[in-house]
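Novice: Okay, here's what each chain looks like letter by letter:
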Amino acid sequence: MRRLLLLVSKDLKRKLRAPVGLAVLLAFPIVFAGMLALVFGSSGDSTPKVRLVVENRDTGFAASALSSAFTSKQMAEHFDVRTVGKGEGAALIEAGEASALLVIPEHLTQDVLDGKPVTLEMVRNPAEGILPEVAEQLARVLTEVLDGGARVLRQPLSDLRPYLGEGSPAPTDSNVIEISLAVKRTIEGAEGLVFPPAITLKGAFEEKKPEKSDENTGSLIFLAVLPGVAVYALFLVADNGMRDVLAEGTLGTMRRQLAGPIGPGTLLLGKGLYAGALALIALAVFSAVAAVFLPRVPSIPGYLLLSLALILAVVGCSALIYGLAGTERKGATFASAIYLVMGFLGGSFVDVTNLPKGMQAIAHWTPFYWATSGYRTLLEKGGGLADVLPAIAVLTVLGATLLLAGSVFLKKGVARGGAA
Amino acid sequence: MFQVQHLTKRYGDLRAVDGISFEVRRGELYGLLGPNGAGKTTTMSMLSGLLSPDEGRILFDGVDLAAKPLEVKARLGVVPQEPALYATLSARENLRFWGGLYGLAGSALDKAVDRVLEETGLAVRAKEPVKNFSGGMKRRLNLGIGLVHRPQAVLMDEPTVGIDVQARLNILQVVRDVAAAGTTVLYTTHYLEEVETLCDRIAIMDHGKILAEGTLDELKRQVGGKDLLTVTGTFDAETARKAGAIDGAQVLTAENGRLLLSVEGGRGAVEALTAILAGKLPAEGITIQPPSLSALFLNLTGRELRD
Amino acid sequence: MRKVLGLALNDLRLTVRDKASFFWLLALPIGLMAFFGMFGGGGGGGKARLTVVDEDGGWLAKSFVQQIAGQQVEVVPAKPGEARVRTLVIPKGFTANVLAGKQQMLAVVKDKDADTGFSMAAEAAVLRAITTTLAHLVEMKQTGTLAQGTPAFTALSAREPLVRLAVRQAGHGQAVPQGRQQSVPGILTMTVLMMTVIYGGVFLTLEKSEGTLRRQLAGPVGRAHVFAGKLLGRVIIAGVQIVLLLVVGRFLFKVSFGHSPLALALLLSAYAFCVAGLATLLGAVLKNPEQASALGWIASMVMAALGGCWWPSEVVPRWLWKASHIFPTAWAMDAFHALISFGRGLEAVWLPALVLFGFGALFSLLGVRFLRAALA
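Residue numbers (this note's numbering), protein chains in the order written: chain B, 1 to 420; chain V, 1 to 307; chain E, 1 to 376.
Source of the hints: derived by calculation from the structure; they are not laboratory data.
We put the CB at the ideal spot given by N, CA and C, even for glycine.
Incorrect hints may have been included.
Said to hold, decoys possible - Below, in silico cross-link-like pairs of lysine-lysine (DSSO-like), each with a Cα-Cα straight-line distance of 30 Å or less:
id : chain 1 : residue 1 : chain 2 : residue 2
1  : E       : K92       : E       : K102
2  : B       : K202      : E       : K62
3  : E       : K322      : B       : K86
4  : B       : K202      : E       : K102
5  : E       : K19       : B       : K411
6  : B       : K411      : V       : K131
7  : V       : K127      : B       : K15
Said to hold, decoys possible - Stretches of chain E that chain B covers, calculated by requiring three or more beta carbons in the stretch to come under 8 Å of a beta carbon on chain B:
id : segment
8  : 117 to 131
9  : 135 to 142
10 : 150 to 163
11 : 294 to 305
12 : 308 to 314
Given only the sequences and the hints, what does the whole structure look like? Please build it.
Specialist: Right under this line is the structure:
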């Protein structure tokens, strides 16, 4: 026991004397999650506004109505509209300064009144993904309204037309009555369908606001991202620990220890405990940071047991990798590649539900998935011990199996390293 | 203290150590001399329990190393050829760790560490990380680590390789002091002058075998008190061989440009030289060496220790 | 020049000798391109998926569903057991109730993890379908064809609209598979930066600690030549990686890099110089390979993420997008979008290239200064 403590304290001391690598690994998840919170969570907005440039070349009421539809109170939450003069829109959209450009053509109002076909133009920013689509769909809604209105109000608009142009005669009283009756009949015909609308869409364009006023989007995103990236970083931290088995072989200190009254098994156990201690330190740091943003205290037994199971899994993984690799360099390369791939597949960087079905199935075979989903269950969803028991069980069994297998190979390597 | 019996280690067809047997007595400073590749380090690895021999056995104070390795290792100290130190830890921290590994603790450990720091002259820089040490200082610390737990025997594998003269002298003095205090030392080297000045008994090793063993005087007597005559010049091996066929001289090496003869000391050397030159051998350089280990090695192997 | 080239080729040799370099320089970037290319957002490879459950089955419900469509909105029928991101339920009695003038309230039920932008697009598509449907119904009522049902509705849908919306993309870029348009240049930018900075930093710190750099400086080579050789070595390695990834991007992922090879070459030369300068600066400043590897990695990840390599700039708040231009990655991505998405040429690339050359020059000058101090 004393020798084990001696081995672990010696290695921890060495690591603290050269802390840059460990510090970077501890900083990475916090920086990464912080970055995402900054990008996606600033000012409480979870979706940026559609930057729409409107080039209105017409002066009639139809064009004004179209243009002002985007600046209504509800639309203003989602659209950032800039109105420009004729010919100015093209330069802006070509420079990528907007999500979309809507060009309202000259004589739009007149053509609608005349019942002539009219074309509005929308130019989408090809460098943007979905915001131009939002702009296009809403523009189509408005053109449908205009189209529908033009057809349905065909007769009254035809009747109105002679009196709307410059220099046109003023309508007589009977003209006004005739047109009003025509409009009334049209409206009556549309009653039950349009006034009020027979089909409505509830809650359209409503963003989900945080449930409590003291939760902000940035914190939510930080807490959503941190578990996955922290799990990834933990694997790298433990990797540091087990890698040292082979590093000491190169240093010659492994050989010297084996020449002393200590067996390979004890040495290996010491390294495993050292790797576990590093992982525990990292977990403590991540937990402390997460605690600042947590809206509630998670289930402590669940958190502790999940963390212990994860530590076992990370140590076991790296033991097997370095046991099979044989040299420090090979092991470091394999480990980096394996952890990166497992991290992506297991949900450390991208939510597993966003992966294709086949990959989602593979995710379940990675310890990253179980650890990440376990922590999310505890921290985001407020789950308890029972909810994370499957994750704890999987990580424990996996960790123990990998550690056993890894120890067999590592012990051979340790003995070889001593004889080198 | 040490009894090595028919020790053998094979690597495929190569016999790195070929059935060697020797004994190191308690309190003795025993030297193992041989060129690189002789099998010295392999022998040391087996003695320190890092390698298992294919044949033979090693007894330490009657205890079989194979049967009770940890018991034996606890009483041994090891000073490896390459300094095995933790660069980011200080000298004191290194000593505390290794001393602790060998069972020291508390005030006993503190005292042992202080003692070693004094003996190795590192007390002033005890708190500095080892990565800041010079090569000589690292070697001294390397040596000190092997001694911190006051072992009954120390295995030193070429502890002075690659350091300056002053540092080497310091280390050799430490080794003498250790031996004088009663610790048994098994010392390997390929430097003749070290074994000549340090060791009580010496074994000469080459190609995995021990070729000769004894005190310095005993070994020199094996040479028969003969001098070593070296003639260099522009001649081929056949010419050299013919020239060396002289009464009272033994040809050790006859090769292009070099002829080595073992001749009787004093007058014998002069007579041999006269005969050679009378034979019109185109000699350009001549040296005569008195009886030495180098000569013995040459005698035994046909080549110089540094070849 | 010969000595500078010799030094550079030596660095290239050392890099290629490292068997892991094939994985880090080539295999990993390709894997990441493929992986990130799956995400255009919203889980549908760039389209908003909307699952429609028609519980009514009447002619109006079916006609209504047919109206819901969009360039990036995909309507899918409900399948048992399949996870749904967004769901629209057409309730039983929809057709009869609408025709009877009874208000029907629909709702798009969103999964809590559904991307908000894509959900907005889906809702907009539903709104448009509602507008079209109601307009057709009013017209059918006016013309007395309401009783005909589907044929009359279809006829109205098929005719040429009076008011239409013509949509086109800005620029002259070719259409590329959704997701890859972002992932290919984004991952190329990130991995070239990351690998150049890490390999370059690690090798230079190793040379410092092993004494080979000092030995080079002790030889008949000027200090400036030695540094130029280090820099050139990194530029060559970055250049080789860039070319290989361009080939992969073009032929495996079918991403067209625009119509101007000259503009592309200018951009990528500038970028290679920039990242090489950064690698040499890091190697000069940092003390050992572990520091170089760790800091190079995290710096690259931060610059890549904030510079727009991982997600389209549209999702980033404008203030942050502007601020991210302190990183070279943002300039590189801007230029890539101009070339790929907008199909523009030299005129769009000269400024980012100039800035990148400027970054490279700055990093190189600082690197020389720190290296001098380190070796003093």
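Novice: Work down the list of hints and note, for each, if the structure agrees.
Specialist: Comparing the hints with the structure gives:
1. E/K92 x E/K102: 13 Å, holds
2. B/K202 x E/K62: 20 Å, holds
3. E/K322 x B/K86: Holds, at about 28 Å.
4. B/K202 x E/K102: 16 Å, holds
5. E/K19 x B/K411: 26 Å, holds
6. B/K411 x V/K131: 29 Å, holds
7. V/K127 x B/K15: 17 Å, holds
8. 117 to 131: Per the Cβ count (12), the hint holds.
9. 135 to 142: Coverage by chain B holds for the segment 135 to 142 of chain E (7 residues, Cβ < 8 Å).
10. 150 to 163: It holds: at least three residues are needed, and the segment 150 to 163 of chain E offers 4 whose Cβ sits within less than 8 Å of chain B.
11. 294 to 305: holds (count 7)
12. 308 to 314: n = 4 at 8 Å, threshold three: holds.
Every hint, counting from the list given before, is met by this structure.
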